[in-house]
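Construct all of the structure, not just a fragment, from the sequences and the given hints.
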Amino acid sequence: VREKYNAVAEEIQALVQAGRPVLVGTTSVEISELVSRMLKLRGIKHQVLNAKQNQREAEIVAAAGYPGTVTIATNMAGRGTDIKLRETSREAGGLAIIGTERHESRRVDRQLRGRAGRQGDPGSSQFFVSLEDNLMRLFGSERIAKLMDRMGMEEGEVIQHSMITSSIERAQKKVEENNFGTRKRLLEYDDVMNAQREVVYRRRRNALFGERLELDILNLIYDVSEDIAAGHKVSNEFEDFKLSIIKDFGYDTHISQQEFSALNAEALTQKLYEEATGYYESKNEHIGQNALPMINDLLSQNTPYENIAIPFTDGHKHTQVIANLRKAQASNGLDIIRQMEKGAVLSTVDDAWTQHLRQMDDLKQVVQNAVYEQKDPLLVYKFEAFELFKRMLSKVNHGTSGFLFKADVPVAAEAGFAEPDFFYEDDISEPLPKLKAEKAISDVSLGAGQEDLDQAAELGIAVAPPPRQEPVRSQKVANRNDKVTVQYMDGSIKRDVKYKSVEDDLAAQRCVLVD
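All letters in the sequence shown, in the order written, are residues 1 to 515 by the numbering used here.
It is possible that some hints are incorrect.
Unchecked claim - Straight line, CA to CA, 27 Å or less: simulated DSSO-like cross-link-like pairs of lysine-lysine:
(1) Lys174 <-> Lys4
(2) Lys500 <-> Lys233
(3) Lys483 <-> Lys498
(4) Lys173 <-> Lys146
(5) Lys494 <-> Lys242
(6) Lys395 <-> Lys500
(7) Lys364 <-> Lys382
(8) Lys174 <-> Lys364
(9) Lys375 <-> Lys174
(10) Lys364 <-> Lys500
(11) Lys500 <-> Lys247
(12) Lys390 <-> Lys500
(13) Lys247 <-> Lys84
(14) Lys406 <-> Lys382
(15) Lys390 <-> Lys271
(16) Lys247 <-> Lys271
(17) Lys247 <-> Lys498
(18) Lys233 <-> Lys4
(19) Lys390 <-> Lys233
(20) Lys233 <-> Lys406
(21) Lys390 <-> Lys242
(22) Lys242 <-> Lys500
(23) Lys395 <-> Lys283
(24) Lys271 <-> Lys283
(25) Lys146 <-> Lys4
(26) Lys406 <-> Lys327
(27) Lys500 <-> Lys382
(28) Lys184 <-> Lys375
(29) Lys242 <-> Lys283
(30) Lys247 <-> Lys184
(31) Lys184 <-> Lys173
Unchecked claim - Computed Cβ-Cβ distance ranges for the label pairs, DEER-style:
(32) Gln301 <-> Phe209: 29 to 39 Å
(33) Tyr201 <-> Arg90: 52 to 62 Å
(34) Ser124 <-> Leu357: 17 to 27 Å
(35) Gln368 <-> Asn194: 43 to 53 Å
The hints are simulated quantities; they were obtained by calculation from the structure and are not laboratory data.
These figures come from a predicted structure and were not determined experimentally.
Note that the Cβ used here is the ideal one computed from N, Cα and C, for glycine as well.
See below:
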């Protein structure tokens, strides 16, 4: 390698003495600085064009066509196309290209060669390659080195032969094929994420713009009903079935134990779905009717406010819903429900999706170990990613339905006020940008913090801080093989069971740890 760089420096010195501009192409910043130091030792003036000099790139390229100018550049793909030769440079032989080593891709080598001889200008290009270069060391240099030893070649001796060129071409083809296979494999992994991303973004888009939001909510109610019915029909536990309905839908079901036993899973799902949708619609109508007198009173007083901010809570989470007064009046208060649904869907989907993305990144790393079991990591990734995605959608459905069914305006008597806890938005003279308006509606969202309240204040929205929450007391997390005692919702207690055997029940809140 040392002899190669000495030969590069000698060639540059000869070209400078001949009055030709020289462009030296390197594969890395380290190599460009090494060549720069060697030229300084020889007293050759030059310019270095790499990532550290990107501010002066235009100035360096503009001067690269002058006679005797030496420019050292890392990667010339897309750079140096506007090097203009002076007349004296043309007469001396044009731009001389010196490559310090061959790149892994033939395309980059050809781009470097293409900087000379542009538009009919004279020029030349030459690459200096050592058998100790990374490319040659990985592919085929040992065979050539043995052949050189048999022919009696000394170390550092100059070799110019078509066999060397063809060997380099073969090495570059192997690298390109390997890189292509890697990119193709990554694309197949990305296809899985793209399919999931389309589903999630479609649901977010429906919520943001109100398109099919009502249908999406009916679908998630049906999916949750199906999970409850199918899950408890297998175990035939009617009490657990009722507890799940209270947990997800917030009401005590009218389905009797006889109906539960007599109906199959599909018929039970349909009956529960019809009951849940009926309860949800009546609850929303009740909220709208309670809010309508206040809205009518405000509009009859010619209030200067256009919008109203109404707090909703399910007892654990809180959201501020911003609704237009006139739209709320025209829809008998149901526009308030639509805005509450929008905020709940967006918040739940966003939280679940960000967690899912982290899990998918971890999964991509973990499945690579499947090769030790002689399995295709991509197939394992697809199966596991599908299961993760199903669990994420189930989490979104249960989380959204739990909030929508239990959410209500805080009762005035609980807070010690004479009226429901409504707040108003100041009249805004200029229309809000669409994106900021949507964020004001959706991001002052479940569990809104101080940043959300500050942002609402900047947009001219007068909102009250959410009710103060008691600190959440988290359960002690045990190791998977530790023995624990748990108590189920029906009062039964299991003692000295391994944590991993009840981990799913704990996650589904069917039981709690007992010290």
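Right, here's what the structure says about each hint:
no.: 1; hint: Lys174 <-> Lys4; in the structure: holds (24 Å)
no.: 2; hint: Lys500 <-> Lys233; in the structure: holds (24 Å)
no.: 3; hint: Lys483 <-> Lys498; in the structure: holds (4 Å)
no.: 4; hint: Lys173 <-> Lys146; in the structure: holds (22 Å)
no.: 5; hint: Lys494 <-> Lys242; in the structure: holds (21 Å)
no.: 6; hint: Lys395 <-> Lys500; in the structure: holds (20 Å)
no.: 7; hint: Lys364 <-> Lys382; in the structure: holds (10 Å)
no.: 8; hint: Lys174 <-> Lys364; in the structure: holds (26 Å)
no.: 9; hint: Lys375 <-> Lys174; in the structure: holds (25 Å)
no.: 10; hint: Lys364 <-> Lys500; in the structure: holds (24 Å)
no.: 11; hint: Lys500 <-> Lys247; in the structure: holds (23 Å)
no.: 12; hint: Lys390 <-> Lys500; in the structure: holds (21 Å)
no.: 13; hint: Lys247 <-> Lys84; in the structure: violated (75 Å)
no.: 14; hint: Lys406 <-> Lys382; in the structure: violated (36 Å)
no.: 15; hint: Lys390 <-> Lys271; in the structure: holds (24 Å)
no.: 16; hint: Lys247 <-> Lys271; in the structure: holds (18 Å)
no.: 17; hint: Lys247 <-> Lys498; in the structure: holds (26 Å)
no.: 18; hint: Lys233 <-> Lys4; in the structure: violated (78 Å)
no.: 19; hint: Lys390 <-> Lys233; in the structure: holds (20 Å)
no.: 20; hint: Lys233 <-> Lys406; in the structure: holds (25 Å)
no.: 21; hint: Lys390 <-> Lys242; in the structure: holds (24 Å)
no.: 22; hint: Lys242 <-> Lys500; in the structure: holds (26 Å)
no.: 23; hint: Lys395 <-> Lys283; in the structure: holds (23 Å)
no.: 24; hint: Lys271 <-> Lys283; in the structure: holds (18 Å)
no.: 25; hint: Lys146 <-> Lys4; in the structure: holds (19 Å)
no.: 26; hint: Lys406 <-> Lys327; in the structure: holds (24 Å)
no.: 27; hint: Lys500 <-> Lys382; in the structure: holds (25 Å)
no.: 28; hint: Lys184 <-> Lys375; in the structure: holds (19 Å)
no.: 29; hint: Lys242 <-> Lys283; in the structure: holds (19 Å)
no.: 30; hint: Lys247 <-> Lys184; in the structure: violated (46 Å)
no.: 31; hint: Lys184 <-> Lys173; in the structure: holds (16 Å)
no.: 32; hint: Gln301 <-> Phe209: 29 to 39 Å; in the structure: holds (33 Å)
no.: 33; hint: Tyr201 <-> Arg90: 52 to 62 Å; in the structure: holds (57 Å)
no.: 34; hint: Ser124 <-> Leu357: 17 to 27 Å; in the structure: violated (52 Å)
no.: 35; hint: Gln368 <-> Asn194: 43 to 53 Å; in the structure: violated (20 Å)
In the structure shown, a violation is registered for the earlier hints numbered 13, 14, 18, 30, 34, 35, in ascending order.
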